[in-house]
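J.: From first to last, the protein sequence lines stand for chains G and B. Per the working numbering, the first sequence runs over residues 1 to 458. Per the working numbering, the second sequence runs over residues 1 to 164.
It is worth saying that the hints were derived from the structure and are not from the lab. Backbone N, C-alpha and C fix where the C-beta goes; we use that ideal spot for every residue, glycine too. Accuracy of the hints is not assured; some may be wrong.
[Stated by the list, open to error] Take a look, some chain B residues computed to stay more than 10 Å from chain G by CB distance: (1) Asn6; (2) Thr18; (3) Pro19; (4) Leu30; (5) Gln41; (6) Asp50; (7) Thr59; (8) Ser80; (9) Cys96; (10) Asp116.
[Unchecked claim] Partial pick of chain B residues on the chain G-facing surface, computed with a CB cut under 7 Å: (11) Cys37; (12) Leu39; (13) Arg67; (14) Gly76; (15) Ile78; (16) Met150.
Listed here are the chains, written in short residue letters.
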Amino acid sequence: MKFGRFLTGLGALIVVGVAGAFVYAWKPEIAPIKPPERASFDQTLIEHGAKLAAVGNCTACHTNPGGKSFAGGLTIPTPFGTIYSSNITPDAETGIGTWSEAAFQRAMRDGVGRKGVHLYPAFPYDHFTNVSDDDNRALYAFLMTRQPVTATPPPNELPFPLNVRLVLAGWKMLFFRDGAYQADAGQNEEWNRGAYLVNGLGHCGACHTPRNSLGAEKASLHLAGGEAEGWSAFALDGSSSAPVVWDKDSLYTYLRQGWHPDHGVANGPMGEVTGNLGLLPDSDIRAMATYIASIMGEPSAERRANSDKLLEEIKSGPITSAISNDQSASGGKGAAIYQAACAVCHENGRPQPFGGLDLRLSSTVNAPDAQNAINMVLYGLPAASGRTSAIMPGFADVLTNNQLNDLLGYLRQHFTDQAAWTDVVQRAADTRTGKYHVSVRPSDGIERGPSNIGAEDQ
Amino acid sequence: MKLNVNGSTHEVDADPATPLLYVLRNDLELNAAKFGCGLGQCGACTVMVDGKAIFSCLTPILLLEGREIKTVEGLGTIDSPGPMQQAFIEEQAAQCGYCIPGMMMRAQALLQSKPDASDAEIQVTLEPNLCRCGTHMRILKAVKRARELMKTAAMAPASGERKV
Ligand code: FES
Ligand code: FES
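With the rest of the complex left out, here is chain B:
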């Protein structure tokens, strides 16, 4: 089966009922998305499909033929982080970091469809994602910063060379 992840097509050899999360981590070695509960209750596995945030632990790959999957790895690189990643670095918004990729992807989905999302909207949108370390205030701060960075990034030429 073919999966489109972060802009490139991957041929995967897995049972169509396999949850996307396992395929990402085990077959494609994209380890950003995490396994937390496997029940759609924690959000650690959140990735984007066609611009929407979804729980990859509950999404069998048979549903994903021809759809665009995006993970944190698709938001930027270590040398050239995307605005969402940059914002989390600048705000140092992680304790253990386990929940962070899910938080980023849900926030990214929100800000992509709604660049001017209000603080309240950000908070409500992130509700399905749990953070056991209590990093919530920093996470919210980071997402608000990302909201600004994404706007600047949208205006600047797409060089990806933003310096801190």
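Only chain G is shown next, with the shape it has when bound in the complex:
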């Protein structure tokens, strides 16, 4: 009865495996505490925490626009269902008021809540696990001294079995490696600082790295371009679609001020990111730029030459002329639309960030897919309230999907060397109906930025 024995053995293995998984999956509760007094935290630590919270962009997910800061409840659509962000104010009942620092450290390091439940990786602990104990301590000090808000987010809308938190233990076993950042001895201090910020709190890869079918980042395609809130998050590796090659200096300028003359203005969810990075010292931004430039690597000689040539051409002004006679793309319709609706800004020579970008420089028009171009043309770039900002009007109510297709066909043909996009009409339709959900933000996204926090809340 060899086969029988095999079966018994297999059964035993499964029992042990399941039991083991349970032990692995089971995390103890960490005892609740009385919400700490503000005085128990050092003021400089709180201020340091404020900067770190900005790097982590905590507010973006944990604040509903127009709602109370960090009170959660923001709808986060995922391919698996809808998740609502949690309340991370120090409210004892509905927030994290009863969390000890140890509980907070564990949430960041291991993605486990105070009561021992596994957290959904919409909370990017696959990145936050890199954060040092010291930085977590500062973040804790900052969050525990915010205004407590009583607010309970709606329950998540996830199908079975994803609504069973234990499943997350399996996900973690497959995709999650915990542990604080370990410096790479082969690199200098600046590079390591950059890697720590980019891959840790900054969680750049959460948007800029593609994900597998189970929602985990594909480690082999680190920063090779992903998706965020309906926008393509462009590749930050060698496959970048930027017509002018990025380097350390241009990345620094872009991250520091939210725009660069050769690349344009940060838009979509990136506007909020550069807005938040405003609190960081120059040295940290430079470190991030250094690290990302090293991920991008040296461009090929051909790419470098094209880039230099383009910069030279740009100097001699826009390529207007001939446009209205260009009958090629879509019978000249796209050209006429461009000339009447777009050229007034995109060719008026007004410098960035308030003038329209010369579209030869646009990563969006050069991108592998049309999504960002569709988003920009349909919804534009809304003005930020109460301050000067870049702006672009949206054309959703003017252009039909076919007209949009004509326009993008023309842009692609006239301003890039890339092949035509073939799915614009369908994509545009899905974008309009909300089947493909896109969030639209002002260029600096300050509405939810921490620099704004406290004005009304405190």
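Could you slot chain B with the ligands onto chain G? The hints should help.
T.: Chain B with the ligands in isolation, oriented as in the chain G frame:
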């Protein structure tokens, strides 16, 4: 090219790339919509196309074949103002008045699709339209009044003879 403006069809002889604003003002002599910036940044040129508010300064007429264009002239007449116009008169909501036609059209588009728009929605919707005179509070008041007048108008027989 044929354009449908305020319910009647006009034959216009203009380059298809001409912005609607120029055609309205220069060819059709409908001067309500104003030129402010020509860049889609001020809203003075706002008119309605198929019920939606758009910047006519950035809309070439080639996009408008077969679509319904509406300007302030289409909302009523001096003798018989429509509810939106009536509300602006009653609230005396104009200083120089340059921004007002754009404000009216954007508000009209909102209230047509959403008769019960909240005060906050009105405010957010009008955001793309600038007023250099600072008449905002009166404009908002007028739009709120228009919201009520439009409801009454919708219930009353369509005589257009509402007396002040
Ligand atoms: S004139 Fe059209 S928006 Fe200013
Ligand atoms: S009333 Fe003068 S611009 Fe608004």
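J.: Does asparagine 6/B sit more than 10 Å from chain G, CB to CB?
T.: 18 Å, holds
J.: Confirm or reject the statement that aspartate 50/B sits farther than 10 Å, beta carbon to beta carbon, from all of chain G.
T.: With a cut-off of 10 Å, aspartate 50/B comes too close to chain G, as the shortest Cβ separation is near 8 Å.
J.: Holds or violated: is there a CB of chain G closer than 7 Å to the CB of cysteine 37/B?
T.: 9 Å, violated
J.: Would the hint on glycine 76/B be counted as holding, given a Cβ-Cβ threshold of 7 Å to chain G?
T.: 23 Å, violated
J.: Verify this label for me: threonine 18/B is non-interface relative to chain G, using a Cβ-Cβ cutoff of 10 Å.
T.: Violated, since 7 Å does not exceed 10 Å.
J.: Could you check that no beta carbon of chain G comes within 10 Å of the beta carbon of cysteine 96/B?
T.: 22 Å, holds
J.: Return the status of the interface hint for leucine 39/B: holds when the least beta-carbon distance to chain G is below 7 Å, violated otherwise.
T.: 6 Å, holds
J.: Is the claim that leucine 30/B lies outside the interface with chain G correct, judged by CB distances over 10 Å?
T.: Non-interface label on leucine 30/B holds, nearest chain G Cβ at 19 Å vs cutoff 10 Å.
J.: Was the hint right that arginine 67/B lines chain G, CB cutoff 7 Å?
T.: 9 Å, violated
J.: Is the nearest Cβ of chain G still more than 10 Å from the Cβ of glutamine 41/B?
T.: 6 Å, violated
J.: Let me know if the C-beta of methionine 150/B comes in closer than 7 Å to any C-beta of chain G, holds or violated.
T.: 21 Å, violated
J.: If we take the beta carbon of threonine 59/B, is the closest beta carbon in chain G still more than 10 Å away?
T.: 5 Å, violated
Hint compliance for this structure: hints 2, 3, 5, 6, 7, 11, 13, 14, 15 and 16 are not met, and every other hint is.
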